[in-house]
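*Asks:* Spelled out from the first residue to the last, the chains are:
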Amino acid sequence: MKRRQFISTGIKAGIVAGMVPVVSAGHQQQKPFDLVAVKGGEPGAMFDMAIRSLGGLSAFVMKGQTVLVKPNIGWDAPPERAANTNAGLVKKIVALCVQQGAKKVIVFDKTCNDWNKCYKNSGIQQAVTSAGGIMLPGNSEQNYKPVTIPGAVKLKGVKVHEAYISADVIINVPVLKHHSGTTLTIGMKNLMGVVWDRWFWHEHDLHRCIAEFVLYRKPTLNVVDAHRVIMRNGPRGVSVEDVTEMNSLIVSRDIVAADAAATKLFGKEPDEIGHIKIAHNLKLGSMLLDKLNIDRIKMG
Amino acid sequence: MPMNFTRVLKPLRITISLFFILVITFAFIDFRELLPASGKQHIMFFQFIPSFLKFLHAPVFIASGFIVVLILSLLVGRLYCSLLCPLGTMQDIVIWIMKKLRIQKIFRFRKPYNVVRYGILIVAIVLFIMHNIVLFILLDPYSIYGRISSNLLFPVVLHLNNWLSAMLQDAGIYSVYPVSVARPVFFSLLVTSAMAVVVIWMAMFHGRLFCNTICPVGSLLSRFSLASLFQIRIEEKKCTRCLKCVTVCKANCIDVINETVDFSRCIGCFNCMDECAYDAINYRNVIRLRQISKQKEEGRRNFMIAFTALFAGAPFATKAIAGQYKKHKSGTAYDGMVLNDKPHAVSPPGSVSHEHFNVHCTGCHLCVSVCPTHVLQPSTYEYGWQGILQPRLDNTVNYCSYDCTLCSEVCPAGAIQKLTVEQKHITQIGIARFEKKNCVVYTDETSCGACSEHCPTKAVNMVPYKNDLMIPEVTPEICIGCGACEYACPVDPPFKAIYIRANTVHQLAQKPEIEKMEPSGSKSDFPF
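Residue numbers (the numbering used here), protein chains in the order written: chain C, 1 to 300; chain B, 1001 to 1528.
Here chain B stands alone, though its shape is the one from the complex:
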């Protein structure tokens, strides 16, 4: 290939990767809703695991991003890791900063940790076949980056906005308005912070070690890389063994002594090609080279096994992960009040069922970020251990807006399916349960009705009680489980007088019956 072509690759890689990390990050912190929700989903088109999980459920074009990545890997290697993966680019930025600070300037060749990286990949695939995607949730690089954006960066942005807003309001400017910041969920914050520390620490001192040791997407793509048509190779005749390429290789995969490149670990950053003064390291058509090494044979075999396993597992992946949900000790009386009994988490409208949701959601928290009321919160153990970090509706924080479908529009994994507003209005994610013994109308014999007031379908209605008082009554058929009643109920949790019990399989609610208003005899006179 001509020399000037190789010189263009690195700047091109940097431009594309910065573009993706910027738009992806912006999608997570866009609290003024400047980007359309569907646009946010399209930005995540290439994100491997969400796209793959979505494709399993609905093999359509918008879910085919992972196929593009696979084809790319079979042509020129793991470009996903350097161009498209936001966590990869985040590490590159850390590495760049370390270089600028003159702390970590050069890299050297290191041996791969094959047992660890393929061990993690195999366990992840086996668990996936057993309908458990907990390792995808924990280790999918896009989802880790999403959680860093949503759990760590987003609150900082919101607080900055509110600080700015307060300053501007004092000056009489009201265009920057304050926004509410949800209280952090401890477990999610802990996992996200720990992961961020691990990734950043590895990047600071070991280049792309995370991508080549822990990341299951990196490990899977590495097998495809070995089968790639074009691979980066050292040309013996041209190489002067100056080791310059080795010192810039973030993947530690260039072995100049043996004149080999471990292409399974090459993340396609093109630093080596940019650095080599002799054009000695470059893409080669490996078929033409006819250098099918033993390693490559092995690689292809392993890849075929992994590939088969992956797709063989697919049909099973939609099966249930029933049961194993944490159960409260229900019915414990406290001061005559009844403890709320919530055996299951409430999953977002459009998530079909826990069975569907738990095997599709990788916990990237894009929906958590875009949820305008913050009712969507990362779960801890509410779905069971295989569903950690997947979002659930927490009605103590807020409730689900009747006309809002944002989470269903942004989900890149198809875990939350797109709903129209009309579909949303009849999607029953749970049913309100009224606990009379906790209700202030019963305990204090004073008026309240906050639940019924907020109910968008009047599934919670006030009916005569005693002494002119009215008390709530639930019509389950038209309740959609939005949780407005639970949020509005003035009794403190876990003794809410009305709360949502989740439908683990979402149901269709009936539309509220709409009676014609009988025309009031137009009174022309004032009644006073």
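Just chain C, with the same shape it has in the complex:
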């Protein structure tokens, strides 16, 4: 049974993988995009555009796979404060994964505020369950397993949520925000929400730890929500006055490139952000946007 399942999955994967270049080739003949940036639509619709440009979600998620969607749900704040990832965007991604035939679509975050309140008041719990995903609590140490990080200097070992360890596909869905500790929080910083002990990171060169954690496992896809953006008083924000509308979305397989592009959107340079520079130097991705093949889409 298991072997048969394996073979059938393999065949389907093969077909899907084979189809992608065909579709793209018919569309426009050029090498695949490294990064897609979209502007001017609703988050869900912008994701639709972006993922189409990357060959559809089928290029990332296959039938029967377990998918982890990791938004930022760190704070007990209503959606308009933009302290958490846009719920509509998360809903769209979860729904597409379910539609794609994913066995399980898991969503969780190790929140900073009381997790129940964060899940509820961000609107993400409702969005995920209505789209057919599973909200896992991230507050229990028993779910975090120790892993070692090859090549790390500071963050040699860390306890990681088992969902991050075992998922077949990881879709990282951060929200772009100002951050008092790291200037900005985007994709790499969002992954702090899958480990148990964050104090250690703060104590042992925060920027380096953030970059080195990517050495453990890179997300399959990074989707940066820059629909509404906290420009100051981040990452929690004090009021809606800290938020500005950018109506943008950035999608890339390359977490460093996604963070670099989002940094530019915010109005800063990628090499101003410690962990982006370190990750670039560790060759975890590229922050040199000029050298990347970028699809820029403007909607409406």
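In case anyone wonders, no lab produced these hints; they're calculated from the structure.
Note that the structure is predicted; figures quoted are calculated from it, not measured.
Each hint can be trusted.
Quick list of in silico lysine to any residue cross-link-like pairs, SDA-like style, CA-CA up to 20 Å:
(1) C:K117 / B:E1422
(2) C:K264 / C:T244
(3) C:K117 / B:S1180
(4) C:K120 / B:S1401
(5) C:K120 / B:Y1177
Start from chain C and add chain B according to the hints.
*Replies:* What follows is chain B alone, placed relative to chain C:
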């Protein structure tokens, strides 16, 4: 009174008492917040000492439960002890189990320990007048029961939940989620366990001896009982001296030889009336009986003294218990780092001041149970000895949620006053102090900012330091002392780089200034 009426009293008593102990217990272990917080406060309406202390501060209807109990006592005796007091019902359950196990089956008449019981009551009242409620904290039966629920039962319930949750998660069911369990506070656990052992042991072998010897509420109500209009009496003509009533009397207060009932110790369980086949023991209107005994005269006099003392003391009770707080040896350098200097405990938002809180909180730990982050922890000596077991904010455990007002909604004693979310946002329970020499930005010259990140008002803000580094800076006026910064600070206690110094009198914080966001020139192009 007709025979069938007396037969109904015992089952009625059992039903009411079970109802109260169940809802009270549930209020303490309701970690999924199924009951509304204000409902939890109303469930405790009749709890004598919390209600009395609350009434002293705000004489309003919702604080009048103790008056109902007093009136009840003046009509039919200490029904509080059998119907409303959860510790009383807990003892009844122990007694019932002992009977079922055939270990302790019958009771007999015993003499009261008047010196002990009124001694404790008088000391408690004298201390109370001196603005010290430590004996209420230790001996109030509701608060003892609350601590048993909160310190002993609650962790067991939480661990059971987590065990169940782990099993169900393996089966792919996620509706039972794991919850965090706070590490126990040794002193509180010790006192609670010791008290539980004493109460249960007494109930196992001596019936309601605790209620009639140690409990200050029992002793106070006993004086009211003696003045009660209806009292349980033996009718000589009907009594056959079969002693059946004596064998079921948990209070050991029926003396058939002398045909008297020590009504001061009767806790109103109605077992005797239920047991008597001849209707020889029943409520009587004592005025009509015109049997005003010498004992009763004395009783009334004593009660008047106690009553006067109680209310004479009331106005003074709100005065300060200033000083006497444990002080750390501050400023001791260790590895170039500075020891945190916390001279006072941080009291919960809504507790007004230590002065108010220390004379109102009986340490029932209902707030400790409902606190979603577990930042509220029983104190040991942090408030001084007169405030033992009263809850304080322990920011090494967690911090106070910005939008949460649960503790203020449940407090049955008025020790924590009700706050709206808006009031909570500007209630300053302490102020963050930044200790630069402990900060990783200073010691390691690496980025951190965990404190500022968690700060809900941005009273802790990051300002330029050196080499592009940012370092925390505190704006005290807008700090509310929630302790999020202290909790998030990665440096180990007692060397936290930022920590809360308590306001012994809570202050009003300023609201954070909210500047309009200047509209960013809508860039239609991508900056890359």
